[in-house]
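A.B. asks: Sequence:
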Amino acid sequence: MISSVASLHPTDPGIVDAALAGDEDAAVAAARAAVERGDGAQVYASSKAAIARWTRRTAITPEWAGAGIPLNAIAPGTIVTPMIQDMLDTEAGRRAIDGSVPIPLHGHARPEQIAPLLAWLTSPENSHITGQVVFVDGGADAVLRGDGTW
1346 MISSVASLHP TDPGIVDAAL AGDEDAAVAA ARAAVERGDG AQVYASSKAA
1396 IARWTRRTAI TPEWAGAGIP LNAIAPGTIV TPMIQDMLDT EAGRRAIDGS
1446 VPIPLHGHAR PEQIAPLLAW LTSPENSHIT GQVVFVDGGA DAVLRGDGTW
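Just so you know, the sequence shown maps onto residues 1346 to 1495 in this note's numbering.
These aren't lab readings, by the way, just hints derived from the structure by calculation.
In this text, all values refer to a predicted model and were calculated from it rather than measured experimentally.
Where a beta carbon is used, it is the ideal one built from N, C-alpha and C, also for glycine.
Some hints here could point you the wrong way.
To be verified - Listed next, with one range per pair, are the computed distances between beta-carbon atoms:
(1) 1402 / 1490: 17 to 23 Å
(2) 1408 / 1488: 31 to 37 Å
(3) 1386 / 1487: 19 to 25 Å
(4) 1468 / 1429: 27 to 33 Å
(5) 1444 / 1410: 36 to 42 Å
(6) 1411 / 1386: 22 to 28 Å
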């Protein structure tokens, strides 16, 4: 699964809960309401938080772990892709991105730097890692959450 470091940003519980319940209509309605009240950024963060929570809940079920299938998510930080390139090309855009996703180790990643972890997590060599959300974010998770998660 692909989550995101954005899952650590403010979320809308209505979107997250509806997504986890599989209620697409309610999730869309909650997302529209978030946009209308000026919290549109919470839509993406909420979808990624729901993916992270679903992964952890589902990975330990008989259908997955019980069947010997490891299920994990990665949570990338800023990945240099066409989706964000325009923002990275301007000083204001870089400030906005770096302000919300501080990356102390090696800056923004490229897809080919993330792919080996995905390949390993889905390979036969991964026999025991399951239910994890692995942050591949150059340290953004550690900056944003500190040691408060432990």
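A.B. asks: Return holds or violated for the Cβ distance of residue 1468 and residue 1429 against the range 27 to 33 Å.
C.D. replies: Because 28 Å falls inside the window, the suggested range holds.
A.B. asks: Does the Cβ distance between residue 1402 and residue 1490 fall inside 17 to 23 Å?
C.D. replies: Between residue 1402 and residue 1490, where Cβ atoms are some 20 Å apart, the hint holds.
A.B. asks: Do the Cβ positions of residue 1444 and residue 1410 conform to the proposed distance bound of 36 to 42 Å?
C.D. replies: holds (38 Å)
A.B. asks: Hint says 31 to 37 Å; check whether the CB-CB distance for residue 1408 and residue 1488 agrees.
C.D. replies: At 36 Å between Cβs, range holds.
A.B. asks: Can you let me know if the beta-carbon spacing of residue 1386 and residue 1487 is within 19 to 25 Å?
C.D. replies: Holds, since residue 1386 and residue 1487 (Cβ atoms, about 22 Å apart) stay within the stated range.
A.B. asks: Evaluate the given range 22 to 28 Å for the C-beta pair formed by residue 1411 and residue 1386.
C.D. replies: violated (38 Å)
When held up to the earlier numbered hints, the structure conflicts with hint 6 and nothing else.
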